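S.K.: One-letter residues, chain by chain:
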Amino acid sequence: MDFNLSEEQQLLKDSVDRFVLDGYDFEKRRKHANTDDGFSRDNWKKFAELGWLAVGLPEEYGGFGGPIETMIVMEAIGRGLVTEPYLATVVLGSGLVAEAGTDAQKTEILGAVAEGNCMLAFGYAEPTSRFNLADVTTKAEKKGGGYVLNGHKSVVYGAPSADKIIVSARTSGGVRDRDGISLFIVDNNASGVSRRDYPTADGLRASEVMLENVEVGADAMLGAEGAALPVIEKVVDQGIAALCAEAVGCMEMLKDETNEYLKTRKQFGVPIGKFQVLQHRMVDCFIELEQSRSMTYMVTLKLDEDDTERRKAASSAKAQIGKGGVFIGAQSVQMHGGMGMTDELKISHYYKRLMQIDTMFGNRDWHLKQFAALTQ
Amino acid sequence: MELAFSPAEQAFRAEVRAFLDAELPDDLRDKVRHRRELQREDYLRWQRILHARGWIAGAWPKEHGGCEWSPAERHIFDEECHAADAPPLLPFGLQMVGPVIYTFGRPDQKEFFLPRLLSGEHWWCQGYSEPGSGSDLASLQTAAVRDGDDYIINGQKIWTSLAHHADWIFCLARTQKEGKHQEGISFLLIDMKTPGITVRPLVLMDQGHHVNEVFFENVRVPVANRIGEENKGWTYAKFLLGNERAGIAEVAWNKKLLQRLKEMAADTPASGERLLDDALFSRKVAETEIKLTALEYCNLRILAAMQEGSPPGGEASMLKLLGSEVTQSITELTVEALGYYAAPYEMADQTPGSNWTPVGPEAAEGVMGQHLFMRAITIAGGSSEVQKNIIAKMVLGL
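Chains as they are written, first to last, in my numbering: chain A, 1 to 376; chain B, 1 to 398.
Rather than coming from a laboratory, the hints here were simulated on the basis of the structure.
Owing to the predicted nature of the structure, the values given are computational and were not obtained by experimental measurement.
Built from N, CA and C at the ideal position, the CB exists for glycine as well.
One thing to keep in mind: the hints can contain errors.
[To be verified] Simulated DEER-style distance windows between Cβ atoms:
#1 B:E308 <-> A:F26: 32 to 40 Å
#2 B:G397 <-> A:F26: 17 to 25 Å
#3 B:L280 <-> A:R196: 37 to 45 Å
#4 A:D14 <-> B:A224: 54 to 62 Å
#5 B:Q259 <-> A:G173: 36 to 44 Å
#6 A:F26 <-> B:A279: 39 to 47 Å
#7 A:N132 <-> B:A342: 33 to 41 Å
#8 B:A8 <-> A:A218: 47 to 55 Å
#9 A:D179 <-> B:A342: 40 to 48 Å
Using the sequences and the hints given, assemble the complete structure.
M.R.: Quick look at the structure:
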């Protein structure tokens, strides 16, 4: 039992922490977030140079590290409220390719991602699927040697900047069947792909992705036909672990900022942190953060266990992080008073991100239900 | 980062498990499993078995008769004991006054008290709280006035757990009225048979006799029974409160209680399904289990830090706070699971030799009593509000 980082992991942490601290102050972040892309391509190049775009991927394809390294990067991303689409491209996109891809797919895509020359996005949700990953109506029908895709993928984070979008589509079975789902790698500029791009409440970019008679070759299929759901679940659980780490970074930043504010903001002649009602609320935030951090370590270290254990770990961690994140976000706004409401202060931006983190991959109610079903 | 325990720690777990299989008497397991009140002799029997094995004081240094187990080994021992339904070890001697005596006591005090404490010959109780001094412990008024080689004690202690079983009491008493409250307190060891001590039961809402009032009327205590220096008692009292806090989360015990709640809910019919399948009930169980998992990993992180030599600070308060809340959630849900059968309740079923037969399903026994008594754990040992004050001050610097 040991919760220390290895020497290499500590070096990685120092490097991502330094980037966020020195190169990602809130005004810079605001400037990048307000560009057309919503992030900085220069930063993305830097990520590639520093090796961060290969974290958690197999060594034979140029990757290094595993879930702990991903956690380290994602926590820093949370602290800096980094808008570069790391989760979409590296954790989800490359994660899916690494999990299910052929040797040719891995060589081509993982290498290009690591070099910073390819961005990815993962379209799994649909307008009527809510959080059920098996609820897929997008259709993939065989035609010639390939497939024709038709459907609507919703709120695909990172899609506006992605070179390739990985989508789930049904090759057989009924709407919510576990079997019959396949994954396809679709070029973002392929004929029949249209997008409606928009900024999200948490300052990122996403799209509604419409697939209208999109023809792809057989080599666009990722993994075995009709057997994609276990792959999706596994990679989404990796995404949940990464998102938990990001949330911990956000929560820690809010806790530090708010605690500092309680010590400096004066009312009735004293720092407001002298009031017991605020002390106890701050302690509640601290405890939510500690619980969330503990659950993040837990899920990160259990990602390689069998499906049931992994899913239990992911659902329990996600339920805690969803609850704790929104709690700390809302309390931080409250304790900052009117200033907490402003766009100028970073507090509200972290709150908005933590709200989306609660929703992403299923909110706390969804995961409580999953956890209950797995543990009865 | 690694979640697994080391091979040596896993071997230790197997050794503890084998010992419990062989040595823990079935009737004691049965009493714990059925949430029956443990009698004085029940505690002592188990203490003597552990003492014979040399496992009565896991945390203590070997020179004083302990095992010097690492925090991880202590955690493993606790887990296995709870999993086997072993009776708990009471903290008053082993966790509280024992370490004070071997850390601050004179050689003759160590020689006299420690072996008797370990063997169970001396049952200790804790004389801290007073009617006017609860959360504000340092305001205590019980007076110790010097008279030659004795102190004369007058005053009253309250909420004294199991004082009616105790041979000795460790007491905080005021030896100086001037100055700050904390500066005039001394730490005294008092024989409960000394003339002038009266123990009066306080019956709690579960009808149980767990706690007492202890009255001191001109009680003569030799100055030789003082620990350390006069007026420095608050230092020793704080050491005691901060000592051995890792087990405070009660993770292993909570896991056991939760497992039994789920077994009970799986056996309880509810409108043609199992109660455990009821959407609202199962959601509450899931929330509690997730909170317990978060507590478990908070506890492991703090244990790992302790293994490397950093003592828990305000974090111990977090473990106490969360652990007590989890216990209360579980006992509340256990009462809820029983439905109507939470109602039949008679403390008489706890008394040895009573003819009372439990009403309702077997699993109903003792549930209401345990739930009612467990309301105390967010009050005793520093209320949840006091724990939050401690975290605000020590961790957050507010």
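S.K.: Decide, hint by hint, whether the structure agrees.
M.R.: Outcome of the hint check:
For the hinted restraint 32 to 40 Å between E308 (chain B) and F26 (chain A), the CB-CB distance of approximately 35 Å keeps it satisfied. Range check, G397 (chain B) to F26 (chain A): Cβ separation about 24 Å, and the 17 to 25 Å hint holds. Hint check: L280 (chain B) to R196 (chain A), Cβ distance near 39 Å, so the stated range 37 to 45 Å holds. At about 57 Å, the CB distance of D14 (chain A) to A224 (chain B) agrees with the hint of 54 to 62 Å.
Range check, Q259 (chain B) to G173 (chain A): Cβ separation about 38 Å, and the 36 to 44 Å hint holds. For F26 (chain A) paired with A279 (chain B), a C-beta distance near 43 Å keeps the hint of 39 to 47 Å intact. A C-beta distance of roughly 37 Å is found between N132 (chain A) and A342 (chain B), which places it inside the suggested range of 33 to 41 Å. At roughly 54 Å, the beta carbons of A8 (chain B) and A218 (chain A) sit within the given window of 47 to 55 Å.
Taken as a hint, the range 40 to 48 Å holds for the pair D179 (chain A) and A342 (chain B), whose Cβ atoms sit roughly 45 Å apart.
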